[in-house]
Each structure stands twice: as structure tokens, then as C-alpha cells.
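Peer 1: Residues per chain, in single letters:
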Amino acid sequence: MSREKITPDITQKETVKISEISEENILDCLQCSKCTAGCPAIHGMDILPHQVIRLLQLGQVDKLLNSETIWSCASCFTCASRCPRDVDISKLMEALRLMVIRVKGSNKLKVEKIPKLLQKNMPQQGIVSGFRKYVK
Amino acid sequence: MSVVASSTSVKNVEEFEPLIVAFCCNWCSYAGADLAGTSRLNYPANIKIIRVPCSCRVNSNFVLRAFQRGADGVIVAGCHPGDCHYMTGNYYTRRRFSLLKNLLEYVGIEEARFKVDWISASEGNKFAYVMNDVLEKVHKLGPNRKLRDSRWKR
Amino acid sequence: MEKIREEIKEKARQALASKEVDVILAWEKGELWYDSYPAFFTKEKDIDSLVWDSFCVNNLSKYLLEYTMTDKKIGVFVKGCDALAFNQLVQDNRVSRDKVVLYGLPCSGMVDPDKVRTKNLNQGLTEIKKSKDKLIFITKDKEITVPAHEVYYDKCLHCRYPNPVTYDQLVGETVAAEGVLDDSVRFSGVKELEELSCEERFEYWDGQFSKCIRCFACRNVCPACSCKQCTFDDSDLEVLGKAREDSEDKFFHLIRAYHVAGRCIDCGECSRVCPQDISLEKLNRKLIKDINELYGEYQAGLDPSAKAPLGTYKLEDADSFTVGEKGGKKREKNSKR
Amino acid sequence: MQRVGVFICWCGTNISNTVNIDEVMTAVENMPGVAYSKDYQYMCSEIGQNLVKDTIKEHNLNRIVVASCSPRMHESTFRKAAEAAGLNPYLLEIANIREHCSWVHKDKEAATQKAISLTRAAVAKAILNDELIPGEVGVERRALVIGGGIAGIQTALDIADAGYEVDLVEKTPSIGGKMAQLDKTFPTLDCSACILTPKMVDASMSSKINLYTYSEVEEVSGFVGNFEVAIRQKARSVDMEKCTGCGICLAKCPIKTALSEFEEGLSNRPAIYTPFPQAVPNVPVIDRETCMKFRTGRCGVCEKVCPTKAVDYDQKDQILNKKYGAIIVTTGYDLIDLDYFGEYQYMDHPDVITGLEFERLVNAAGPTGGKLIRPSDKKKPKKVVFIQCVGSRDKSDRGKSYCSKICCMYTAKHAMLLKDKYPDSEAYVFYIDVRTAGKGFEEFQRRAVENYGVNYIKGMVGKIFPTNNKLQVNGVDSLSGEILQIDADMVVLAAATKAKPEADDVARMLSISTDSDSFFSEAHPKLRPVETHCAGIYLAGACQGPKDIPETVAQASAAAVKAIGVLSKSKLVNNPCVSEVDKSICSGCLACADMCPYEAISEKIVEEKANGKIVGRRVAEVNETLCQGCGGCTVTCRPGAIDLKGFSNKQILAEVDAICR
Amino acid sequence: MNYSYYPGCTLKTKARDLEESALNSAQALGVNLVEQEEWQCCGAVYPLASDEIATKLSSVRSLVAAHEKGEKLVTLCSACHQVIKRVNHDMKTKEDIRDKVNNYLQLKEDYQGESKVIHYLELLRDDIGFEALAKKVKVSLEGRKIAAYYGCLLLRPKEIMEFDDPERPTVLEDFLECLGANVINYPYKTECCGGYLSIDKEKVVQKMVNNIISSALEQGAKEIVTACPLCKYNLENSSLYNKEDISISYFTELLAEALDVDVKED
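Protein chains in written order, with this note's numbering: chain A, 76 to 211; chain B, 52 to 205; chain C, 292 to 628; chain D, 4 to 664; chain E, 55 to 320.
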């Protein structure tokens, strides 16, 4: 593992874009980490929810776009409903996902997978939501 | 800072120097203007302030008189609703001047010439911003000829 | 009308005889056919000259101001608009309700002498009779029937309160409020002007105001203008000069309208008496419309115990100047781009 | 003939750098009415003031204009100078050519012209100034303190010490407030009762202090020096004079199940009760809502057992009308409701408690006699989790956006008290930030960590999952990113503080203002911290914002001094810039009276001759001691019959004219 | 009483029992759930991004249709409910979205969020009332140990869903109680089942559902009820799930049972 020095930068284009898509003010967050503490899907996350905002505050969007975290968020809104600063992280997660899948050819869910899912008796609702979350 | 930039752009035009009369309540807006002063925030010298105890002291007569005497714009500034030093004064101000503002517009006086706003003692920035904003708009409109007394020389 | 006239006289006589009142305030016929002017009656025998006809347009309520400095009890006849005016005077503390006995007179409209002249109906006119929605002009040798609305005052055509909103005794029967119009008609003149450009509006009003000869008839007739001394007559403060000067005319009209804001009963008397035909009602109604829209429907003169819109407030009041902030301008509904 | 003297200040270079003083001097000389003008570098200095004084006499000046800094700065300075020279101080006007001119403009020519214009307006106004003489009004030399917590007690003691009478009104049956509920106090850990109860006794013993417990202030009118207050003394159902506080009634009362307010509902009390054994006064009250006698008409045990016949079921509420010179508001605070914080299980699990409940649980006089045990099974807790910022720094609609200020310290205290009682126990504190600004505070908190081994975790708790006999606390250590699960025996929540629910009503009653969180607003956040915008009404303690005991007591003493300042005067001087009515043109419509926020305008009947008879005519009249001079009434008056002295219609119009020249 | 009814894709396929039991029980309660004509799939997840408009249109069409009929719009599936309710909230409160959508749809009259969207549970609670419902129970569920599982979508965000307290909801418990059941309380009833993560993150979902099931089992539950097909699917995929120990059904199935309404068995 190697560690690089970074320069905090909140003004960069990607951060602004994320603020625009999510309409959330990342500066509202005071890093209490309540989001992380309550997140039920935390086992699948390499970067913790409060760290997601912290990295945004530092302008480290790339790290987030390559993270497993944004694909592990179930959009259950537990974080948003308990946030003392009224930050809806689920919207930030969505913005980050969109930043990835809006780039051509970066869909996370392949159509080939569908028949198998249907065999598994998965409700249509699940497949449709997966499509909405992972595909553009 | 945009406040400075806009004021200089106004200055460049030589021919028309608007006169703006601002009625400011002693406790909030006049103090806000003082704060703009102590913070050295710039706004054009065309704005001249008259101190009143409360925005509810400002009579419609005063506003019209200023226009008659050649003012190109008039501002009434008071404490934010709920913060009035006299508890309820500016609630009356709000009703009185909501009507006067609409009435002036109705008889064909340009909307931007009469401004009412709430500026607290801590809003030096807002004071400078509002003054610049009004001046800029009035400047675009040109001199007030509609209400001016033709006999009055400035 | 003729029948009611006798009832009125009877009522007046009885009131004086029984000492119910000391003075009766009603109308009396003048020398000219259209002249029915306000008159005070103190003696029973004078009642004979009391009149109630199609020309009793004068609002008697304001004449009560003459009696503010006495302890006399006055009986006064009030039409719908007069009753609103009366309530407004009570609200303004200018008339004591308990010193007045109100005789309510339902009224379907008063005749505009100008319209009669235009139709040349005044030649040899002896009497006007009413028959349903028609008026019969009777001269020595003939009778001409015309639809009433052709000769009524404009302001009567749009009357919203043909029946008195307050009275002690009602004379005659209530009339159907045919002329009652919704606000879209009432404020149509205002709306038309509002839709013009700023310059067009100015041109319109500049034209109106410059006609003014400052005779103050509008003020003098107005039931909301009841001050002991009018500010325009204050020679010490001199808010208003004497010269004929455009800016002074504008000042006068804006302040006059503003001073009656929230107290104007919309009786239309100011426009009626204006010798220069300035559309004062469009100023007054603009203020009424704004008050209704910003602070809720309000009819001056309906309830003398109500708070005048400019004499009260609500914490959550809207305003017309801080756009975008809380309590800001109402958003234009449904603006399709 | 008005002879105006104009004095133009350079303010060193503050004004003269941007305003051409010579040009202003030349312009001033030509202004109508100006008899003399003079400029000087520092007009506010002693030399400058003497210059003003001397010239007034020398040149026989009768109006003064000083063109200088803001009137909010030096108006009073120059008024005093004018007065010293024998001139009525209200004949002076200030032209603000510093804050409103030289400091905000860069263009020297424009600034100079504006300075001339502002000075011209001041001259025009000054010419119309009248001599104004402030009215005087007597002072009721008694203070009212609303709220009998530590703030109220301290204020009352200090005022009484200075020799003035104080009435202390407390809503509950005893004084003492929140502090009486506390066990130990940070940062010294001395026992709260040990330092509070002597003060409570002092207050009750003082000949200058009248305690009105179980009472509420119901109505306030009047003004500084002369407040009129109605106090409702609720029916105690026990005669204060006869009761000896023997306590037999408490023991015999058949109702035992009412929840004790003082014990935060952790134990029960009878229907006739004193909140706690050290209550002052030590006279019980009957809680009529739970008392069997009041509910069913049967019982009457307390009346029977009372040896002094003090129980009186027929007692009624009494209204006392009293006058005061000053009022001090010390109504304190509450903790927020935790109904909407379901994830902490406070509403659903008995072993999740608030900090205040913890105080009672560790207190020797508390419901467990000082044994710290779990409310559910009365067992000793081994692992206790403390959660800070429950609702504090929370701008969502279930919390409060501010820092509650006391929680960091009391949580450290609680953790240490736990460790003191059970050295083998474990304490975990979840926090967002630890704030220890205060004398000895940082050392105190560090002691918890370093000496007591309290486990501080920077992070929050997501949710508590109650399992069969544990509270599974799920949280995170945000520094390491480790997800934590602690099987706790007890959880203590540092619930946010909030203003009393009735604070807004109290504010309305007193005509003082509150901030968006319903805490009372001080007149100036830095320079007038215990005053309100309403003269003669002062604030102390947590009703003004979250506060600890040392701060509260300091503020209480400060408020006392302010109140004493009023009480020590035999007369108070009013602002003479008040409204007056020209009765000759007043129509008596009283629109002004309706609008007046101070009820300073009333109806008066003047007698006049009309038609040969004397008749009464209604006009408006201003009570100059009530009028605060806002001038709102003048605008309601269409004919201008009511006008504001010092800011008259004529004066303001003259200013407008002068500015527009 | 007539309601507009929005079924959604799953109820016509994998969750037919949810729809049938709901419709039949409604009929027994004198409530007429009229399926909307030509309804379109809501998209299953509410588009959280501010710049996505097209994905909201299908919901708006249903909302408009209900508005035109002057009926409340009833949903059964939690996901549909969340999507439609939130889109309606946007139409009510977000000017830019409202303008864009109205511009696109070119309706006779602009839609401004006038419709009221309710979940079938809300219909039972607020329009019929649990007290009245209890009186109609024919076969009491007495003695059955049932735990309610809420999931996320009905409860959060609470300002928009306005359904119940998101941390301590009671509507399902109240519902079960009025059917006579022995309600089991357990702290995981509002924790997420993993939702769509089961497509790709089965391990994560396993942890999530196991927590829920074990907590319910620990408190002695024999049955779990839910309102959402995906929740049911995920819970049934838990490694701890065992039909003998604990069964999972839709709340409407229990309702139909209690009202003694026939539901066709597949």
C-alpha cells in the first residue's frame, strides 16, 4: 500500500456536480458519524458513510467513484432520517453512482444476468430497482 | 467583492448622478449602516440617510416629498419583522409600504425607485448590498421626472 | 317609491312627535328637478317638504358630523351605501352609534341627471315613477318609459349593498341585490391598468391627475375623510402647496387615496362629484384589491368593531417588496412557460 | 432668531482623508441660519468639547450641529457639552459624516458633497429643534424575580443584600430549581445540595425577600420603575402560617402512586407532598388532580391527622397585585422530549435514562438512596454507555441546532461518579466533540480519561437494540473507522437543553423578545448581556441560553446589580422624544391608540364651547412616561395631530428638503 | 367508497397473493379499489437525483388520473408507495420539477400535487379505523405470535411519507392487535432487508436479513408480516429462514384470513 499526499480542494468540478445532482450541502456535515453508526449495509462498505462526506469535503471524488460503498448502499434512508444536520446521504450516494454509470459503458448490472434473477423468484420490483440503480 | 465592482461601474457614467434618500430606523438599519462604515464596505455617495426612530415613523408623505424634491430613489429600511425595537412597529411598516409600493407602481412609477427592506444592525454587508443594488437599478432608469416638482432645483 | 315616501314622512313625524329623536336628517326638494338635497328637520310641520325620490343620491351619514358637538339625538335615513358610510364613521369614532336612530332605506339605484339630459327626458319633467326595472318619466302631457339601468348612476349599476347593512328600523322592503357583481367585474378597471406597461400606466394617470383643479370635492364628500382638519389644509406643515403644479396634483391624489386605504367603502361618491371626471374609483379600488389579496377580504363599513387593515397586522403577513423571502410576493399561479 | 453653530470634526484623518474639510466649511458658512462654524481635529476630545462649550457662550449660539461620527457614538457626549454650556441638550444635532460618509466612499469629491448635504440636513433639522425636557417618574423600590432556581435565588439575595425588597415568584411548591436535583457539581465535585440549600435557607430567612412559591406571574404592565404585576398564588390547600412541616400528612396520605416530579418520575410521592425533604418553604401542597378528597370527595385523612389544622380544602387561588421598579427573569430551562429519538429506546426501555435521571439515581437522597442500580431489575450496572449530543447541534426538526454547553462536563462527571461507585465498571462516552472551555474544565475531563479510564469514543450511536437483558449499543469510532457493538447495562443520554415551553408567553407578557429557540434575547450579545430591550427587565441563567452554574450565578449577580441601579434612584428620567397630541386638530379617532405597542395613548374628553354650550369632545392623549418614542402613531394620524418630539413631521420634511438641494 | 388503485408490476406477477388478498379483503370491508387504467411501472425506486425528470412521469400520470377522478390513490407495494408519494411531494413543493413535468405532459390543467396518496394500511387505519375493523374480524388470530416487519420505504423519509414514527412505528402492531394476534415486538422491525442489493451483494443482504430474523425469533415470533414483496423475498432467502420456525406473509393475507375471505391458492 502506498500513501500519496493530497491537497484538499472543494471547488473542483466533480464536487460541484455532486452537489448539484444531490442538492445537498456537504458542508452541513460536522462528522458526527451517526450515519455510519446506523447503516445496516456497512459490512459491504470499504469507505464508511461519514468518510464519504469527509472525502467529498476534501475533494477526493475519485476515491469514492472507485469504492465498493456506493454499490453497497441500499437506499434505505436510515442515515438521512437520523442525520442531525439534515444531510441526505442517500442522495449523495445516488449522485456518486450516477457519476459512474452516466459514463458510457460503465453499467454495473448486465442484462445477461436477468434470466437467472428471474429464476431465483426475485420480484420484478427488485430487478427494476436494480436496473434503476446500476444502469443508465 | 461584487459590491465594489458594481459601484465602480456606476461611477463611470458621468452624466447622471442619482440621488437616493434612505430612511433608516435607529436600532437596526441605521446601526447596520454604521457597521457598513466600521467595516469599510463601499457604496456610492449618492445615498443619503435620514435617521428615524423606527421604520413605522416613516410617513408616506416623506417618501413622496423626497420624490417631489428630485430624489431618484427612496429606501425605507427597518428591523426584520419580529425584531423591532418597539416590538411591533415594523409589522405596520410592512402593511403600509406594501400598499404604497403597489400604488406607486400602479400610477406608473418604476418599481425599482422605491425599496423597502429589512436590514439588521449586524447586516452591514446587506446594507451595502441593498444600497448598491438600488443605485444600480435607479441608474438604469435615469432621473425621476414623473414625480418631481418642476420648480425645485437641485 | 311614492308609497315609501309617505311611510318615511310618517316615520319622521312620529319620531319627532314621540321625541324619539330631536332632529331628522333627510332630503328636501330643491328648486331644480334633479335637486334633492340633505336637510335637517326639527319640527313636525316641516316634514311635508321631506322628499324621497330618484335623486336622493346624497349620502346623509357624513352630515352627522355637523352634530358631533351636541347631545341631540338624530334620526337619519340611510341607503345601502350610506349605511356603510355610517359604520365607517362609527369605526373612526366620529359618530356615536347611541346618538343616532337609523332608518334603513333599501335602494335600487339613483338617477344620474346627466343621463336624463342626454336622453332629453328632463323637459317638463314632473315626476319619475319606478316600475320593476323600468322608470317612467312623467311630464304634463306624456309618459316615457326607459330601462332603469340606462339612467342610473354608473356607481349604482355596480352596487353591492343596495340594502342597508345596519339600521334600527327598516322602511320599505329589501330589494334584490341585482347589481351585485363579483370581484372580477369590480376590479376589472384596475386589472386593465395593471396589465399595461409602466409607461402606459403613467401616461394614463398623468392625464387623469393633470385634469385636477383641486376643488377638494372628492374629499369633502368622502365618508372616510372625516378629520377635524385635513392635512391638505395644514398651512403650517404645508405638505401640499397651492400652486397648479403636476407633482402637487399627484401628491394630492396619491395621499388622498392612501389616507382612505382600508377605510374606503367603495361608494363611488368621489368619482360622482368630481367635476373633472377623474377616475378616482380606480385608485381606491386598487388599494382595496391589494388589501384583499395581501391581508384577506375586507369591506370597510361592514363591521364598525373590525380592525382597519392598516391599523393592525398579522405576524405572518405577506409584503410586496421582499421577493423570495418568507412572506414574500405571492407566486404567480400556474405560469406556463 | 436661530443662531446655529456648526462644528466639523476631522476625526484625525478618518474624516479629513476623504472629506475636504475646507470645502465643507465654506459651504456651511453660507447655509441659512448658521452663525458660526469651526473645524477641529478631534471634536470629541476634551479640547474639542471645550471648544463647543466656549463658542456657545461666546457667539450666543442657540442651536448646535456637530458633523462627526455616528450619533450612536457621540451624540450623548456632545449633548452633555451643550448642556454644560447652558443649552438644552436636545437643541443639538449630529451629521454622521464618518460611518455614513468618509468610511464608505472613496471618491473625495463625492464624499465632500455628501458631507455638505448631510450637514445641511442637520442644520435644517436643528433650526426646528425645540427645547425638550425629560419627564421624571418615581421608582417603586422593590424588585420582582421570576423563577426560584439558583439564578433567581442568587439575584434575590444580592438585591436584598443591597437593602431592597425582593419578591421571588416560583411556579413549583419549592425554590431550588434544577440545581436542587443535581448530585455533584463540576468541576469540583462538591455536593450540589451542600452549596445550594444554605442559599435557599438564606432566601427564606431574609427579611427583605418574600417567597411566593406555587405561584405564577399572570400579568405585567407599566414600565421601568413602575411595573404593575399580578401574581397568582395557587391554592396550596395547606395554610402556610399554621403548617409546621411535621410531615405526618405525607406519611398518612393513602395515595402513594403519583410520579415525583423532583425525582424525574423515578419514584412516587403522595398526593399531599413536598417536592423534596429540604424544600423551602417546608410546607406541603395538595396535588388536587391526584388527591382522593378532590376527586371523589371521600378521604380527608390529611385534614384529620394534621396537628395544627393547617389543611384547608377550600383554599382558593389568590391574585396579588404588586408594584415593582425592576424585574429579573430567571425562568431556567428544560430538557427536550426524547419521543422522536426512538433509536435510543428511551421511551421503550427503563434502563435508558437522561442525565438528569442519572443525577437522581446517584444521589444519596434520591429514589435509590444513592445506590446506582438499573431501574429495570435493580442490579448494579457494569457497563454504562453515555451518549452526548442527543438532540444538541441537531438542526433537524427533532433537535436543537445549538450546543447545550453543559453536557460534555456533566457526562464526564457522571462517568467519574460511576467509576467512584463501582471501580470495576466500564464507562463509554460517545461524543462528537468534547468542549471544555471553562476554568478547570479541561483538567476535569482529562481526569475522567486519564485517571478513571473512561473510554471516550469520537463517534455516534446508530441505534440501541435491546436484547434479553442487555442494551446492545451499535456505534462507530469515527477515528479508526471501527464499528462498535457494546452490550451495555445502562445508557445515559445527554438530552439537549431547551427553553421552557412557556417562555414565549412570558416574553409576550413582559414585552421582551426571544430568539428562534425561545431563549430570551439580551439587549446586546456582548455589551449588554443581562439587559433586555425593555428597560428595567433583566435576565439571568439558562432562560437566556444554555449555561452552567458558575455562569448562571455570575449572570444573576450582574442582573442584580442592574436592578439595584434602577432601585437606587429616587427618580428616573424619560426619553423626552415622545409623542404629543395637538388637541385642537385631533379628531379623536384613536387610530393612534390602537396602534401604540405601549398602550401609551388613551382617550380624553376635552371641554369646548360649541353653540353656546360647554360640550365634551373626544381627543387622544399621550402618557409620556409610557411612550417609548417609536413614532408609529404619527403615521396613523392623517391630519398630523399627533407628532413625535425630536422627530417631528416638520423636522423630517426639512431634512428631506435639505438633502435634496 | 371508491379509491383509485395502483397495483405496480410485482403485484401482477410474483406477488399476486398480495393483491388478491388485499382486493378481496377490501371488498369484504365495503371498500372499492378500482384499478387505474393503463397504469405504468413506477420504476420501483424513487429517483433521488435532482436532474432526473423522465423517471417521474409515470407516477405523475397515475397521480393526475386519480386527481381527475377526485379519488385517493391507494398503493399496496411499499416501493410503489414510496415512489408515487415522493413524486407527488415533488410536484407539490418543487417548482422546477413541477414546471418541467407540466410542460412535458401538456395537461388541460397543471398538476400541482393535489392528489392524496395513501397506502392500504393507512386506508385501514385512517379511513376505516382499526376499531371498526376489529369488529369485522370473523376468525381471530388469537394466540398467534406475529412480528411486524416494516422495512424502509413506508417510513422514511418521515417528513414526506408521513406514515408513522420512523423509529417507533406502531401501525402494523395496531393492525395485528385488532385482528386478535399476539403481537411480538423486536427492535429490528425497521431495519433494512437489503432491498435491491440482493441482485449483486448477497452476502451483505444475508447479514441484514439474518439480524432481523434472529431478533424476531429471539423474541418468540412464529410469523412475520410485511407489506413489501422484496422484503418478503429477502427475508425468505435468509439462511436462518425455515418455514417450520417462522413463516413470512403479507399483512393482507392475514387480513383476508381474519375476515374469512377466500383467497385463491396458487
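What the hints contain is simulated information worked out from the structure, not anything from laboratory work.
Don't be surprised by glycine CBs; every beta carbon is placed ideally from N, CA and C.
Careful: at least some of the hints might be erroneous.
[To be verified] Chain E regions said to be covered by chain A (calculated; three or more residues, Cβ under 8 Å):
1. 75-86
2. 96-106
3. 254-266
[Stated by the list, open to error] Estimated spans, in silico, between C-beta atoms of each pair:
4. Ser-210/D x Asp-594/C: 53 to 61 Å
5. Asp-150/E x Val-476/C: 49 to 57 Å
6. Asp-180/E x Lys-92/A: 35 to 43 Å
Peer 1: All the hints need checking, so say for each whether the structure fits it.
Peer 2: Tested hints:
1. Taking a C-beta to C-beta cut-off of 8 Å, the segment 75-86 of chain E contributes 0 residues in contact with chain A, too few for the three needed, and the coverage statement is violated.
2. Only residues whose beta carbon comes within less than 8 Å of a beta carbon in chain A count, and the segment 96-106 of chain E has 8; three or more means the coverage holds.
3. Under the rule that three or more residues need a Cβ within less than 8 Å of chain A, the assignment of the segment 254-266 of chain E holds, with 7 such residues.
4. Range check, Ser-210/D to Asp-594/C: about 56 Å between beta-carbon atoms, so the 53 to 61 Å window is met.
5. Take Asp-150/E and Val-476/C: their Cβ atoms lie about 36 Å apart, and the range 49 to 57 Å is violated.
6. Separation of Asp-180/E from Lys-92/A is about 42 Å and conforms to the stated range, judged on CB atoms against 35 to 43 Å.
Hint compliance for this structure: hints 1, 5 are broken, all remaining hints hold.
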